[in-house]
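> Each chain, written out:
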Amino acid sequence: MKRTLVFLAVALLFCVAPASAQPNELAELKAQLLAQQTAIQQLLNRIAVLEKQQAATVTKPDLERQEQAQDDAVNSMRETLLGKVNLSGYYNFRAFADGSETPAAFQQHHLGLILGKQLGRFSFFTELELQNIPHHPQISETGESSTEMATTDLSGEGQVSVENAWMEYSQNQYLNIRVGKQLSPQYWWQNHYPNLTYSTDQPIYLRELFPPEIIGVMVKGSASRPAGSSEWGLGYNVYVANNELEGNERGDLTRQKSWGGRVQVRMPVGGFLKKFDVAADMYRGRIALDTNQLADDSVFGFESQLESGPFRLNAEYAHGETLGLTRFGYYVEPAFRVNDNWLTFYRVEGLESARVQRAEQRHLAGVNFRPLPQIALKMEYYRSLPKSRSFIDASEIRKPFNGVAAAAVFFF
Amino acid sequence: MKPVVLTFLALVVSARAVETQRPPVPAARPPFTIVVNFANPVDTLTVAELRRIFMKQQRLWAHGDTIVPVDWDAASQMRQVFSRTVLGRSVREMAEYWVQQSVTQGLAPPSTLNSGLAVARFVAMVPGAIAYLSPDAVDRSVKRVRIDGLPVFPAQSR
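These protein sequences, in sequence, are chains A and B.
Each residue of the first sequence is one higher than the last, beginning at 85 in my numbering.
Each residue of the second sequence is one higher than the last, beginning at 2 in my numbering.
Hints were generated in silico from the structure; no laboratory data involved.
Warning: the hint list may mix true and false statements.
[Unchecked claim] Straight-line Cα separation of at most 25 Å, DMTMM-like style, residue types lysine to aspartate or glutamate; simulated pairs:
(1) 358(A) with 94(B)
(2) 144(A) with 140(B)
(3) 57(B) with 424(A)
(4) 201(A) with 50(B)
(5) 358(A) with 74(B)
(6) 359(A) with 94(B)
(7) 304(A) with 66(B)
(8) 359(A) with 50(B)
(9) 57(B) with 391(A)
(10) 359(A) with 391(A)
(11) 471(A) with 436(A)
(12) 358(A) with 149(B)
Looking at chain A on its own, in the form it has when it is part of the complex:
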């Protein structure tokens, strides 16, 4: 009996154990099945992604076509680079109103077209300029003024002039030869373009000292010496040219030609200092006086340009002498770059010339709005202070006056 009971108990245990294990096995099987289903779904998703990628994959012919297109683009750019003429220009419209004898006026100040071309060591540069600047403040009512009178249109109908027409041969950094009609090497003449300057008008002394342009041969070059990550630079310009005869009414028939030069030192830059140049200029030539007589004329000057962080400072001074009559002029122009678009400036300038019987100091203050490097909108206030000097007839002394001017300049 006992043995039977034990047997029954054991048999019962074997039966119950499997029965209790079945839910666990089922749960495990279900879990495994679920995991397999998840894995299968993931594989299906992966296959779908790969099929999409395969559809987007570039085939070999596509790659070859892309390569050919890149080659064509590179070839086109190379031919363009080697063959193109650089055509650019600028347009300057000015309006002013002041208390001088000249009335307020609109001035289509400049329309300049610039063509530049490089062929190996040779460069060609031409600048055509249309001006229609009635009542230009540098011209007196009687028309007696500097050499600008004869070349400035007083009729208001405008005139076209060739301001530059030169060819340059570049041997190396130290030696370059430029021939033709070219601007004087002084900083303001080289950078007198309205899209480069801050004010709407040029300094009053400018045309009374160094000649604005020369027709002749200029030799120029520069040398440099490393200084850390920057360098010292030494530049020179030496030229021989026709004399600047008043009004250019007659050609320069004189044997003696004018000559001049410039030496510039470029300081090393770094940190906030981006530019610091100083230069000395000189000019010797002959000038035709009202009496149809030629006289020797000599001018020397100094200039400096400084750019440090948002601050800029340009300054020039020049002194000239003709037949014992001296003249001098200067400007000092600090500026502050508020941000990429806004700039403020101030300029004090002066001219004293016994030759044209003029002595004046002028103060200008203004702002520039330059939304793009190619666009400049300018506005300024200026005050002119004529001075009494022994060489000026008392009746010719003008009264001080104020004025405002605005200009819109576009470079294209």
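Assemble the complex: chain A is given as a structure, and chain B must be docked to it using the hints.
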């Protein structure tokens, strides 16, 4: 006492093992590589010379070929880094510089391309060309030029 000593030794040994397994910090390298055509004999330039080249203040190589600098597109990060690092000016300031050069000298700014592949192809095809590429993008079609004084940026640690 013995368990403490053993524990300490175990900590020291494990720390050394972790340290030797840390990946090495990559060496600093310049943000770009200057490349020229293989026909160009120049091997080294200074930063000042590179600046003059890309500002077109120097137009000829010493061997007589015309220098043809190639820039990246103004919006590219590569261009902005190069402009600040070598030229010392922002891209906007360089645009103003080129306006000045255009009216005073009749010069046009360097042409621009917007992919490393196009830049490398151009340099490989034009004997006087010079450009800058990401160091990883330089292939065997162009020649690297060493630049003395080029600042390097520390590489990012992993």
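> Is the Cα-Cα distance between residue 359(A) and residue 94(B) 25 Å or less?
Cα-Cα ~13 Å, so holds.
> Between residue 201(A) and residue 50(B), does the CA-CA distance stay at or below 25 Å?
Roughly 23 Å between the alpha carbons, so the hint for residue 201(A) and residue 50(B) holds.
> Is residue 358(A) close enough to residue 74(B), meaning Cα to Cα at most 25 Å?
Measuring from Cα to Cα gives roughly 24 Å; hence the hint holds.
> Is the hinted pair residue 359(A) and residue 50(B) satisfied, with a Cα-Cα distance of at most 25 Å?
Measuring from Cα to Cα gives roughly 16 Å; hence the hint holds.
> Within a Cα-Cα threshold of 25 Å, do residue 359(A) and residue 391(A) meet the stated pairing?
holds (5 Å)
> Between residue 358(A) and residue 94(B), is the straight-line Cα distance small enough, at 25 Å or below?
Satisfied, since the Cα-Cα distance of roughly 11 Å is no more than 25 Å.
> Does residue 140(B) sit within 25 Å of residue 144(A), going by the straight-line distance between their CA atoms?
holds (21 Å)
> Decide if the proposed pair is consistent with the structure: residue 57(B) and residue 424(A), CA atoms, cutoff 25 Å inclusive.
Roughly 24 Å between the alpha carbons, so the hint for residue 57(B) and residue 424(A) holds.
> Are residue 57(B) and residue 391(A) close enough, with their CA atoms no more than 25 Å apart?
Since the Cα atoms of residue 57(B) and residue 391(A) sit roughly 20 Å apart, the hinted pair holds (cutoff 25 Å).
> Do the alpha carbons of residue 304(A) and residue 66(B) lie within 25 Å of each other, as the hint requires?
With a Cα-Cα distance of about 21 Å, the restraint between residue 304(A) and residue 66(B) holds, given a limit of 25 Å.
> Next pair to validate is residue 358(A) with residue 149(B); report whether the Cα-Cα distance is within 25 Å.
Between residue 358(A) and residue 149(B) the Cα gap is close to 20 Å, so the pair holds against 25 Å.
> Decide if the proposed pair is consistent with the structure: residue 471(A) and residue 436(A), CA atoms, cutoff 25 Å inclusive.
holds (9 Å)
Of the numbered hints listed earlier, not one is contradicted by the structure.
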